[in-house]
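Trainee: The primary structure of each chain is shown beneath.
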Amino acid sequence: MKKIYTTFQEAVEEIKDHSTIMVGGFGLVGIPENLILGIVESGAKHLTVISNNCGVDDWGLGLLLENKQIDKMIGSYVGENKEFERQVLAGELEVELTPQGSLAEKIRAGGAGIPAFYTPAGVGTPIAEGKEIREFDGREYVLEEALTADVSLVRAARADRFGNLVYNKTARNFNPEIAAAGKVTIAEVEELVEPGELDGDHIHTPGIYVQGLVEGQQEKRIERLTVRQEA
Amino acid sequence: MSTVKQDKAVQREKIARRAEREIESGFYVNLGIGMPTMVANYIQPGKEVVLQSENGLLGIGPSPYESEVDPDLINAGKETVTASVSGSYCSSAESFAMIRGEHLDLAILGGMEVAANGDLANWMIPGKVIKGMGGAMDIVHGAKKIVIIMDHVSKHGTPKILKECTLPLTGKGVVDRIITDRAVIDVTDAGLVLQEVAEGFTVRDVIDSTEAPLEVSGSLKEAGY
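Going down the list, the protein sequences come from chains A and B.
Residue numbers in the first sequence follow our numbering, run continuously in steps of one, and reach 231 at the last position.
Residue numbers in the second sequence follow our numbering, run continuously in steps of one, and reach 1225 at the last position.
If you are wondering where the hints come from, they were derived from the structure by calculation, not from laboratory data.
Model, not experiment: these values are computed from the prediction.
Glycine is no exception: its CB is placed at the ideal position from the N, C-alpha and C atoms.
There's no promise every hint is true.
[Stated by the list, open to error] Derived pair list, reagent style SDA-like, types lysine to any residue, alpha-carbon separation capped at 25 angstroms:
#1 B/K1014 x B/G1034
#2 B/K1155 x B/G1110
#3 B/K1128 x B/L1162
#4 A/K169 x B/G1101
#5 A/K72 x B/V1129
#6 B/K1128 x A/E83
#7 A/K169 x B/H1103
#8 B/K1144 x A/L143
#9 A/K45 x A/R86
#10 B/K1131 x A/R221
#11 B/K1078 x B/L1162
#12 A/K220 x B/P1071
#13 A/K82 x B/I1125
#14 B/K1128 x A/K220
#15 A/K220 x B/Y1065
#16 B/K1131 x A/T148
#17 A/K45 x B/K1131
#18 B/K1172 x A/G138
#19 A/K16 x A/V40
#20 B/K1145 x A/E135
#21 B/K1172 x A/D58
#22 B/K1145 x B/D1186
#23 B/K1131 x A/I222
[Claimed, not checked] Pairwise CB distance ranges (calculated):
#24 A/G138 x B/G1191: 14 to 24 angstroms
#25 A/E129 x B/V1129: 16 to 26 angstroms
#26 B/G1218 x A/E129: 34 to 44 angstroms
#27 A/N67 x B/P1062: 37 to 47 angstroms
#28 A/H202 x B/S1084: 30 to 40 angstroms
#29 A/E197 x B/G1173: 48 to 58 angstroms
#30 A/E197 x B/P1062: 28 to 38 angstroms
#31 A/D57 x B/K1221: 42 to 52 angstroms
Just need the whole structure built from these sequences, with the hints factored in.
Mentor: Next comes the structure, spelled out in structure tokens:
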């Protein structure tokens, strides 16, 4: 029922020069690693990328930066990346910083047909400059507009060919909202299973949001390994 | 002013231990990245507390043993963690709905500057590279109580509790309580109220190292921690 791709490059063929894309993940957790590599291969340029973070210097979205494929980045925290810093200071990269909860809600709203919403986050800060402020019950709120994308890329642990997705632990993060906010959504999945194998009560992203699927094996790099000593 | 030379780590532990006393059994709590995360290490046995991580984990457990590390399981500081027995996962939008919807009892966050009216600055220094605010701007409007933990003065010895913030704000009028290495100060409608003075400091020391006016509470606790 959904398009099942066999190569990652084919899976990202809808991403053209000047496309706006959303990419799931928090840090390096839950990122569609192989689809990002597919964009590196395809060479699509002048991209606007909406993602909470921008990878690290040699992995994740950092690879697109290194390849100068990104013109504009919309995210909440971009501090793990030296090349990012260099491109911003050199005026090569435009950045729009958005509070993390507003970012999640802007994406959620985009997928849910809500054009804008009021939130307290950012009132009285540089983020609210030039935006409408409105008072409700004596408290000030800022109007934030929804975000959508030409193509959304997400990563899930398991999927069936109807596009139903199940995520693993904190690899869920922005992925469900991003899946819903793309005109075309491609899911990189760790395991594609037969229809009926996933429990309908436990689906995180219903298949209606997903247009294409590709199975892939991830490196799952760890940014900050923190362990306790065995007793 | 009495100068108490303290090892930085000891000072951070002192602040974290005092901040732990803000947490009541039954609380849902968000701890910010850095020193606030350390507070979790001092939660008293017997207190039943659920820690929220804004990347979508309600119920953070201890750091994993090496054999149980799951690269898909991290906290908002991107450190590998475990989930507690009560742990549940959710998406980022739901996680911030919990936060914005005032379902958390308490958030303990770091600070660069706090003003007399509860304004908080903790995300950017003009002229320096901007990394982003992450979830801080949402969290300061979410939890029922916002506690800021930080050093009382900057590394140059200048006050960080000011009449007005000089740095770009994270939130306007959002702070309820400030805990530093020297004092516990409440933000009230009438201004800042000094509630506790840390061991080794006097009321005078605290007033002298605070730019904003301080009212001394009638029930002031000296050598409180």
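Trainee: If a hint holds in the structure, say so; if it doesn't, say that too.
Mentor: Hint-by-hint comparison with the structure:
no. : hint                                 : in the structure
1   : B/K1014 x B/G1034                    : 15 angstroms, holds
2   : B/K1155 x B/G1110                    : 15 angstroms, holds
3   : B/K1128 x B/L1162                    : 21 angstroms, holds
4   : A/K169 x B/G1101                     : 23 angstroms, holds
5   : A/K72 x B/V1129                      : 17 angstroms, holds
6   : B/K1128 x A/E83                      : 16 angstroms, holds
7   : A/K169 x B/H1103                     : 21 angstroms, holds
8   : B/K1144 x A/L143                     : 23 angstroms, holds
9   : A/K45 x A/R86                        : 18 angstroms, holds
10  : B/K1131 x A/R221                     : 21 angstroms, holds
11  : B/K1078 x B/L1162                    : 32 angstroms, violated
12  : A/K220 x B/P1071                     : 6 angstroms, holds
13  : A/K82 x B/I1125                      : 18 angstroms, holds
14  : B/K1128 x A/K220                     : 31 angstroms, violated
15  : A/K220 x B/Y1065                     : 18 angstroms, holds
16  : B/K1131 x A/T148                     : 24 angstroms, holds
17  : A/K45 x B/K1131                      : 24 angstroms, holds
18  : B/K1172 x A/G138                     : 14 angstroms, holds
19  : A/K16 x A/V40                        : 12 angstroms, holds
20  : B/K1145 x A/E135                     : 22 angstroms, holds
21  : B/K1172 x A/D58                      : 38 angstroms, violated
22  : B/K1145 x B/D1186                    : 11 angstroms, holds
23  : B/K1131 x A/I222                     : 20 angstroms, holds
24  : A/G138 x B/G1191: 14 to 24 angstroms : 20 angstroms, holds
25  : A/E129 x B/V1129: 16 to 26 angstroms : 20 angstroms, holds
26  : B/G1218 x A/E129: 34 to 44 angstroms : 42 angstroms, holds
27  : A/N67 x B/P1062: 37 to 47 angstroms  : 40 angstroms, holds
28  : A/H202 x B/S1084: 30 to 40 angstroms : 21 angstroms, violated
29  : A/E197 x B/G1173: 48 to 58 angstroms : 52 angstroms, holds
30  : A/E197 x B/P1062: 28 to 38 angstroms : 33 angstroms, holds
31  : A/D57 x B/K1221: 42 to 52 angstroms  : 49 angstroms, holds
When the structure is compared with the earlier hints, violations turn up for hints 11, 14, 21, 28 and for no others.
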